[in-house]
Amino acid sequence: MCVPIVTAAVPTRNSKPDAGRLDRIVAEARRTQAKREKGYREQALKLYAWVCGRCARQFTHANLQLLEVHHRDGNHDNNPPDGGNWELLCTYCHEAEHRRYLDSTGRDPQRAGGDQGSQATHRPFENLGALLKRKDRERD
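Residue numbering for the sequence shown follows the working numbering, starting at 1 and increasing by one per position.
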């Protein structure tokens with residue numbers, strides 16, 4: 001049994017452009033842009049100057065992808081419309097901020113697991129004094 005191959009219509013020089021296709025592409029692009037603008041990153045980029053809040057590096061459209069939104073309280077669901085929980089950081093400062101947070105976790109006694117006692121059970125020098133005394137007696 002032979003299956004027919006279906007090919008998409010490829011425009012040629014002699015064919016007329018599909019105006020409906022162009023309209024669909026433009027409409028889809030506008031929907032995508034509207035959806036993107038509802039995101040907190042687009043809102044933050046409209047509210048704040050395109051400058052890193054730590055190193056003061058300035059950004060343009062050419063390198064805007066290196067500018068990220070940092071949530072000050074660490075809660076990515078806390079996105080107030082006034083942008084009170086956001087700050088714009090460059091990729092490098094944003095990574096350093098999160099690394100600083102991760103490095104400090106476990107060192108603060110107020111954090112989970114920080115106030116637990118040592119879990120070590122092996123005591124390698126527990127009988128060292130007795131061993132040294134026995135060795136001294138054997139030498140005498």
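Hint data in this document are derived by calculation from the structure and do not stem from the laboratory. Note that beta-carbon positions come from the ideal geometry of N, C-alpha and C, so glycine has one too. Be a bit skeptical, because a hint or two may be false.
Stated by the list, open to error - Cβ pair distances, simulated, as ranges:
1) A49 with E28: 27 to 37 Å
2) Y101 with L47: 17 to 27 Å
3) D103 with D77: 58 to 68 Å
4) K46 with I25: 42 to 52 Å
5) G20 with E95: 38 to 48 Å
6) L66 with R30: 20 to 30 Å
7) K38 with D103: 49 to 59 Å
8) E95 with K135: 53 to 63 Å
9) D23 with K46: 20 to 30 Å
Unchecked claim - Computed list of lysine to any residue pairs in SDA-like fashion (alpha-carbon distance at most 25 Å, straight line):
10) K46 with H61
11) K46 with A27
12) K38 with P80
13) K46 with N127
Hints, verified against the model:
About 31 Å separates the C-beta atoms of A49 and E28, a value consistent with the hinted range of 27 to 37 Å. Separated by about 24 Å at the C-beta atoms, Y101 and L47 satisfy the suggested range of 17 to 27 Å. Under the hint 58 to 68 Å, the C-beta atoms of D103 and D77, about 24 Å apart, miss the expected range. Separated by about 25 Å at the C-beta atoms, K46 and I25 break the suggested range of 42 to 52 Å.
Our hint of 38 to 48 Å for G20 and E95 holds, since their Cβ atoms are close to 46 Å apart. Between L66 and R30 the C-beta distance comes to about 26 Å, which sits within the given range of 20 to 30 Å. Taken as a hint, the range 49 to 59 Å is violated for the pair K38 and D103, whose Cβ atoms sit roughly 34 Å apart. In this structure the supplied range 53 to 63 Å holds for E95 paired with K135, their Cβ-Cβ distance being about 55 Å.
Between D23 and K46 the beta carbons are some 28 Å apart, a value that agrees with the proposed interval 20 to 30 Å. With a C-alpha separation of about 13 Å, the suggested pair K46 and H61 falls inside the 25 Å cut-off, and the hint holds. Distance check on the hinted pair: K46 and A27 sit about 23 Å apart at the alpha-carbon level, within 25 Å; holds. About 12 Å separates the Cα atoms of K38 and P80, which keeps this hinted pair within 25 Å; it holds.
Pair hint K46 plus N127 does not hold up; C-alpha atoms about 69 Å apart against a cutoff of 25 Å.
Checked against the numbered hints given earlier, the structure breaks hints 3, 4, 7, 13 and satisfies all the rest.
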